[in-house]
Each structure stands twice: as structure tokens, then as C-alpha cells.
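Trainee: Using the sequences plus the hints, can you model the full thing?
Protein chains: 2
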Amino acid sequence: MKIGVLGSGKVGQTIAGKLAAIGQQVMIGTRDPQKLTEWQQKAGENAWIGSFKEAAAFGEIVFNATSGSGSIEALQLAGSEQLEKKILIDLSNPLDFSQGMPPILFVSNTDSLGEQIQRTFPDVKVVKGLNTLPAPLMVNPTQLADGDHNLFICGNDNDAKNEVKERLQQWFGWKSGAILDMGDIKAARGTEAILPFSMSLWGVLGTPVYNLKVVHQSLSK
Amino acid sequence: MKIGVLGSGKVGQTIAGKLAAIGQQVMIGTRDPQKLTEWQQKAGENAWIGSFKEAAAFGEIVFNATSGSGSIEALQLAGSEQLEKKILIDLSNPLDFSQGMPPILFVSNTDSLGEQIQRTFPDVKVVKGLNTLPAPLMVNPTQLADGDHNLFICGNDNDAKNEVKERLQQWFGWKSGAILDMGDIKAARGTEAILPFSMSLWGVLGTPVYNLKVVHQSLSK
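Chains U and E, in that order, are what the protein sequence lines are.
92 is the number that our numbering gives to position 92 of the first sequence; each next residue is one higher, with no gaps.
194 is the number that our numbering gives to position 194 of the second sequence; each next residue is one higher, with no gaps.
Read the hints as simulated data drawn from the structure, not as lab findings.
Keep in mind the model is a prediction, meaning the values are calculated, not measured.
C-beta: ideal position from N, C-alpha, C; glycine also.
Reference excerpt, derived from the structure (chain U facing chain E, CB under 7 Å, subset only):
{"hint": "1", "residue": "Ile104"}
{"hint": "2", "residue": "Leu105"}
{"hint": "3", "residue": "Ala145"}
Mentor: The following block contains the structure:
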């Protein structure tokens, strides 16, 4: 499959590197191709580098791995024509680090970055997900507790969410039951708002390798 | 021990009922004593009912189990003199249900209700905690996954947090390792902000008996 990954930071490199490693065709869209020389050597023959627009056109599915503060602009550069009718897996978070750690949110409570992206690109199938996780866990969940922790997705298109669920299992090894569908894109308010909390846990736990698990009563009880 | 519980809703009744059942002396502070007739009969001889002021004066430790929108006012009625130098276990959440479910937050991101309470009552040792949980789990964590899920506390006074940790183990059966100290009262921004997300999980899971667990890599690895 051909996949576009917008954003050349740690998250974008991790996602795209994993996809290339498992034999998918992947193009990272970036403003800064020089940054990716080392990444591309490692990622090998399945990995390309292009502009945001080229990567969006290339991908049958596109990941938004740009930093939240630049996501709308990056997607505008990618172009609604290139993204139209495609699934956009939105990993972005509306984080503002200008006041130190933990970050604050530049949109929250009564709106979310996921909703803003969906409103700006109404013909794109935005599926918010993976945004609550440290990058290495996104693509290798079984490194922690044999994958027994959760990933939250949301979006307005059920078929798109189901496809994303399948792809995350197939590409990265997520277990089906570990992926919780929180509802429509409005649920991004909730999954984005846990970031300041969850990022604080790094300092509390003393390890960057952690995630949330929802523990619940068995429904048969 | 003598304990004051401010608030006669489900949370207040659950906390105070459990404390009376294990032989603590407890007084619920309420504006509406009639509401508690049935509760008091069940709670028995260790249970009293009073005003906010009487309950605050009665307690060596005080729980704030009032609804978030009325917490500051209820605490003002309780009176700073009655609360002075005491530990206040703050269970409140700044939830606004006026726009439906999930609720929005009437204070968030760059401030929190926990911080507002601490600022309003600087001589009270505010320890935020239990606010992320459904009431039955607060006082009976082992009913779910043998207690293997987390409770988050924060506050400015380390001795107060340590005492609260011990009390929650002793009174309600929380395991020591299950109680995560998130830092000073500013961390209430994080633990209050997860409520809209965590309340949405009820509908997703189809059960009200659930909680979050932080799964992390063993530090010895």
C-alpha cells in the first residue's frame, strides 16, 4: 500500500520507518528534506521523501504527524485536492510548550484540533488516533505488557474507523480489543485533553515507556 | 477518627457511609438534611448530619464531595476557621453539564478547581484525589481487577499527601503502589481534565465499573 506521512519529527520518522520496514511504500512529506537523510538510508528502498503536497498525493492513506501548532497549515500545503476522500490518521495534539512542562492546550474543552481539521477539510475522513502514545509504542505496542493497554480512536466515518482499526493491527500489532472507538470526531476533545496529564506521568514514573489501560468489569458479570 | 464530609450527593453518601461502616466517626455537612434520613439509618451510630460549618468543625480530616460548581461556596460556608490547617481531600470536578454529555469544564488548561480552592483557602492542606473515579470504586477498589488500577493525588503539602495515601489504604483498601502522586496542586489541571474523556468511557464500555491503569515498563529493565 502507498502511504503518506506528513511531518518529519520523531513521530513521523517512527511511523514511516516502521511502514517501510514491513514492506509498505511510504513517502514522508516535509519542508526540510535534509533532516531525513539518515532516516532514508535506514528506511531503505520503500521510503521516499517529498513535499507535503507530494506525500499527500502519494498516499492512499495519509498520517498527520505534524506538530499541532502547524497542522492546519501543513494540511493546507498538502492540499484538500490531494487529501480528498482519503483517510487521514490524525496524530496531532494542540500542545503549547511556551509555558514549560506539562504543556497547555491551544484548543480544548469546547473544541479540539481534530474537529478543526475535520471542519477545515470536510471531504477528508479524519480518524483521530495514536496521539495519546509515545512514538515507539505507537508502532510496537507489544513491547509493553504484551500490548495489553489502550489506543483511542474517534471520527465521523465508521468505515474509515474500521479500516484504521484493521491497519493498526496489521501494521503495528495492536490487538483488536485494545483499540477503543470513542465516537465521532468530537471525542477528540477528550483524547487530546488527556495529554498534559499523560505527559506528566513520564516524570512521575521515571520511564518514557508507559500507556493507559482502561480496566473494566467484565460485561458478563 | 472524626471525619467531616461536605456534600450529600452520591459521592458524599458513599464516602461517609463507608467510613461509618468501618467504625470512624463521620459527619456529613449538607444544606438538605432531609435528604439523608435513609442514609443515616443505614450508616448507624457512627454517622451524624450537620451544616457545612458543623461538619468542617467536627472533622480532623475533611472531604470535599460537593459538586464542583458549588464547591467554593460550600467551603466558604464551612468556613476557613473550621478548615484551618486541616487536610481537605478534594474530590470535586469543575464539570458543566449544561451542554449535555460528556460535560465540559468550567475551569481548565491554565487553572483548575483544585488550585482555586487552594488559593481561596491558603491555610488548608488541599489534597486532590479520588475525583477521577466512580463513587463505588473510591471506597472499594478491590471490586475491580483486585484493585490493580490507579488513583491520582496531588497537593502542595507532602506530609498531607502521605497521610492521605495511608488513610486511603487503611480505610478503603487501596494498594500503596496504586496511588500515584502527580506533584503539587497544579497537577489538578491534568487530573480534572481527564474527566470528560473518562466519563465518555461509560458509554463506550457499557459498564459504570471501570478505571484507568497506568501500564509502564519495569524500572529495573
